[in-house]
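Student: Residues per chain are reported as follows:
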Amino acid sequence: MIVPSARILGLLALTLLVVALAPTLRAEREAAPAEWPDAALDAVARMPVQAEGRTKPLSTWAAYTLLRMNHRRTIETPDGSRRSATAWLLDAWLRPDAVRSYRMLLVADGAVLDAVGLGDKRRKKRDRYTLAELLPARERLQRLAHEYAAIDAKQRSPVQTGVVKLAHDVTQLEWLTSFLDFARRQLEVPDALRSRFDGQSRVPVSAVLRQAPDLLALAGHGEEGAAAARSLLQAAAAATASARALAIVPPLPDATDASRWLTPAVVAQAATSGARVPDGHLDVLAGLEALVAAEGASLGARAADLLQRTHDVEGDHVDISKLDLEVSLARLDPFFKSLWLFVLAFLLVAASWLKPNRWLIRAVWSLALAALALTVYGIVVRCVLRGRPPVSTLYETVLFITAFCVLAALVVERMNRQRIALALAPLLGALGLFLAQRYEVLKGEDTMPQLVAVLDTNFWLATHVTCITIGYATGLLAAALGHVYVLGQVFGLRRNDAAFYRSIGRMVYGMVCFGLIFGVVGTILGGIWANESWGRFWGWDPKENGALLIVLTELMILHARMGGYLKAYGIAMASIFLGGVVAFSWWGVNLLGIGLHSYGFTDGVMDGLRVFYAFELAVLMTGAAWWFQARRVATS
Amino acid sequence: MRFGVDRGLRILGSFGLALVLLGLLWILTLVGTFEQARMSLYAVQEQIFGSAFFVYDLGGVPIPLPGAYLVLALLFVNLLVGGMLRLRKGSSTWGILVTHVGIAMLLVGGFVEERWSTKGRLTLHEGDSAAQFVSFYEWEVVVAELRDDDSAREYVVPHSAFADLGDGGTHRARHAELPFELVLSGYHRNCDIRRASGEDGIDGYTLTPRAPEAKAEMDIAGLRVDLEVAGEAAPRRALLWALQGGPYQTVVEGRRFEVDLRRRSYELPFRVHLRRFERAMHPGTGMASRFSSYVSRVQDGVLVDAHITMNEPMRHAGFTIYQTGWGPEGAGPGERLFSTFSVVENPSDRLPIVACVVIAVGLLWHFGRRLRLHLGAQARRASGAAA
Amino acid sequence: MRPGGLLFIVLLPLTAIGCGRSGVGPTIGDVRERPALEDPVPWGLTSRQRFEGGHHGAVAHGSTGSAENSAGLSWTLPKGWVALPSQEMRVVSIRPDPTSEAECYVTVLRGAAGGITANVNRWREQMGLEALDEEGVKALPTIPVLGRDCVLVELAGSFTDMDGQTEAGAGMLGVVCPRTSDTLFVKMTGPAAVVRAERARFEAFCRSLEEQGGR
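Protein chains in written order, with the working numbering: chain A, 4 to 639; chain B, 13 to 399; chain C, 471 to 685.
Please note: incorrect hints may appear among the correct ones.
Residues from chain B that keep clear of chain C, each with C-beta distances beyond 12 Å, as calculated [as the list claims (entries may be wrong)]:
id : residue
1  : W38
2  : V67
3  : K131
4  : R159
5  : A228
6  : Q261
7  : S301
8  : T321
9  : R381
Chain B side only, calculated, beta carbon under 8 Å to chain A, not exhaustive [what the hints assert, rightly or not]:
id : residue
10 : L24
11 : F27
12 : L375
Keep in mind the hints are simulated off the structure, nothing from the lab.
Built from N, CA and C at the ideal position, the CB exists for glycine as well.
Hey, can you work out the whole structure from these sequences and the hints?
Tutor: Next up, the structure:
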């Protein structure tokens, strides 16, 4: 039997990693915006918008909208230049016709287009389309989407899901490109009313809205000019009717829902139906009109002015103080940068296997620590932005588990200096952040969503959720170390170095123990939380069950060890199994009861899990085969 | 004899038994998770906890499994014998002992909750009050004798009297003050009412069974009641259905009686008054960010105001009242809202928190000690190697 | 003996599992007093009333505004609703609140205006839905308006995206009320979620419509 050396293993690992990460390594971030002045891009990026219940920077909204439609954060224009999400948004506002010919609506399966009568055999099955290409089928698309939307989301076929998503994307893109149509228009002032507008015959919509109270009063009396006032108000409401893509105007002071931001369409509607709309709110609309009218270098100043106007709007209910921090976090992009640092660190580790060197090891330490620091910084800023403990969504578990695994691996390395945990740290870091990256693309939505009411409790999020997540992380680290142990034995790594294996065995055991503490405490805390929320300690919720499965697995491992049923090798094998249980609890339970075929997120998770389980099964079977063979050799 | 007991204890407290039981619990948990994709949670729990043994159908392959009750009870014995009684006591096992005590507390808490807790629902409109709550799953048949002022004396036939009359059989209920006997039959846990002609129906109607709902508390029960009045040849027959618009009404010997089927009700030792219900939405979405009820509770003439919201129940006199829902769905501003609470009386309500602390202390002590010993040994080895 | 005694104690829970809940004897034990109900059930209910009586959940709500206009109609505005400046063709236009994206209006057209089925299908078509046949229209729920049972149509032309977020697409409520010489329409359009939420008030508004002066 050929036994690969550490050297070959190193090369193999390197190649695998590069192949695995290649798709993300394409530089597709922060492309230079070709034409818009930086000042304009900066101001628009920092503009507040309310979406999915949260007030966030326009750049965040643009990035996730683009990610959902295009599966990328940037976009390639027909002339081949690459534009950032914010630049794309400005394009959509100011050059809607150009945007209608951007190839940016990703259709995952051509069958979706066949369904709406646009199928084209010459196009790839998965391809990007322009809005202009899809508009001819709009009626049919919407009609089908209405029909399919009535079907429960879990029961929809892939094509039905695709149609619903495409209809949604088309509608949103249409609204976005017509968002500032009102700002490009001038309304005709009837003769009878000219004196109210300094004699002008054509005025912007915002000017009419400023006069709305007077016009309404006029319209209410049967006097001369009543009809003219009515028609002018109606014209203003009609002109703004399409400005509903973005809620960028702060709430009205007297509104029943004082936290709801408004679209220009709603502001105009409120003004023309007699609600009190303060000047500051209309100033935002006027700012949009000025932005459209601006040319060249003045655009930056206009955009900055618009941003200032949204900040100046009357009322103390407007909390946009954290927006700039969010913009700066997005610009720093710490998770993407740490992904690179981890990859680099792992390359150096692999290099050190080829040719051991103290300086290489120091470099690995520095890179891994820098990447960890960057990741932790990102997590901390997210906590500040959301005002929540580190983990409250599935996406955040990925970040937190990654950071915790790296930290724990580095601590273990400090304690036993075997350079095993040191190699695992950057590998797990890179894999984890890669996963986070894929998650964002698959999900295509803001990773800082609002939480449902029962989750609105920082105490339980901080205790139960954090404990469980640490439990996941340690379980995974134990599994990773278990792989090193089993695969090392199988491939004859350091064959005669018993101390080496004793050391890894102890690390696996230690991680299982550590995981058990957090798993048990976290699971019981979960029960207590459930008892506080719903009055039952254990509700057989799949997520609860998943946590219990982890705890039971760990308990079995420890009792089997105490009872003498498992020795170091068996524990390593069992910890690989434990990794599978963690994966089930972490991702698998989310797929229960969901049809087996759907595009997008669940499909991606399903595929990932399949690959993972196939790999783990192969490792376990190889490990078992090796063990039986070794025993036969030993007994004969 | 002595020998036998020792041997029995050794087996009951063995690692092997612990492993088998943990493994079975693992499988039961997995089954309980997957089955929820197929059937209601209530049905899953009934299957797993309902009997000492059951047969799980794994894609056509029948697999016999012990019920969770049996496994948990044996695990408790195993824990007590192996993890506490027979455990070598000493500084090295102190943490383990404490942990096992904590786990035993959890199991006891679960057992107490299962046997002696009462759970139900209380729905109040703003401005209303109530001193009782109703069961999620259980029903009762009530015979009310009306007085002229419309007050009544109620005779209650409990759920347990008719719950198992689904597959035929009757239950007879009587009371010395009632001029008739009740014969209950044809109970359906979930059913519709349909028109039926001739012999099939009772006064033109019949109950037709439905498959249980995914949420068992949505089931609508129904049954048949025959009133056997002394001296009458045929019984007076009636159908009771949980969604009926009013009770069955009849006059016997000049006395007015109503027979009704309603959710089993429990008395609270205090009265709850809903002053105001508040819900907040995440702006621009249909997603609730918070809902909470401002209530007053009155007991023995003493009024205390309280606030109940998600994750913050009200505890009083052994009862805990939780915010669980509200309505009507899609209510607009100014509409009169109602708030739905879960009410639980659970003697072991607080036990898990204590158990959690005990377990955490035990585990931290034990593994902390192991880590300290390990690091100490490593340091000695390192210094030995250096020397 | 000591270990045996302990065994007995620990096995106690096990034995408890064995015996189920005790059977209940034929005699009713639980007797309670009930005070008179605030809203007593009328005496003499028939089976039909008990099983087909239906439940009237949507009750007209406390109203603030009431108005009347040239079409000889008067109505009561549900709480919170505001009437908009009058527009041609419309008897009245109303919004649930000034910033709402939903709008409700009443129109009156001469004669049968094409008939109920044609009008219902015109609306369905606007919302991208298939047309109904006569039978389908007959099966629609009705609501008493101006003393007649009128067809009530609720349509959701919007769709919910994959994350369950309701798009502000169209929802619609409509009532067709044929009168002797003309047809009255009450219609509400707006984002589906808003329209759905306003349904009870919409119905209350429809019920509050009255003809003035015996027209």
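Student: Each hint needs a verdict: does it hold in this structure or not?
Tutor: Taking the hints in turn, this is what the structure says about them:
Listed as a non-interface residue, W38 (chain B) keeps its Cβ farther than 12 Å from every Cβ of chain C; the least gap is roughly 21 Å. Look at V67 (chain B): its CB is around 19 Å from the nearest CB on chain C, clear of 12 Å, so calling it non-interface holds up. No beta-carbon of chain C comes within 12 Å of the beta-carbon of K131 (chain B); the shortest separation is about 16 Å. Distance check for R159 (chain B) against chain C: the nearest CB is about 8 Å away, which does not clear 12 Å, and the non-interface claim fails.
Every beta carbon of chain C lies more than 12 Å from that of A228 (chain B), the smallest distance being close to 18 Å; the non-interface claim holds. Look at Q261 (chain B): its CB is around 6 Å from the nearest CB on chain C, not clear of 12 Å, so calling it non-interface is violated. Every C-beta of chain C lies more than 12 Å from that of S301 (chain B), the closest at about 15 Å, which supports listing it as non-interface. No Cβ of chain C approaches the Cβ of T321 (chain B) within 12 Å, the least distance being about 23 Å, so the stated non-interface status holds.
No Cβ of chain C comes within 12 Å of the Cβ of R381 (chain B); the nearest lies about 28 Å off, and the non-interface call holds. A cut of 8 Å between beta carbons decides the hint on L24 (chain B): the least distance to chain A is about 14 Å, and the hint is violated. Against a cut-off of 8 Å between C-beta atoms, the interface hint on F27 (chain B) holds, since the closest Cβ of chain A lies about 3 Å away. A hinted interface residue such as L375 (chain B) counts as satisfied when its beta carbon comes closer than 8 Å to some beta carbon of chain A; here the least separation is about 5 Å, so the hint holds.
Checked against the numbered hints given earlier, this structure breaks hints 4, 6, 10; the rest are met.
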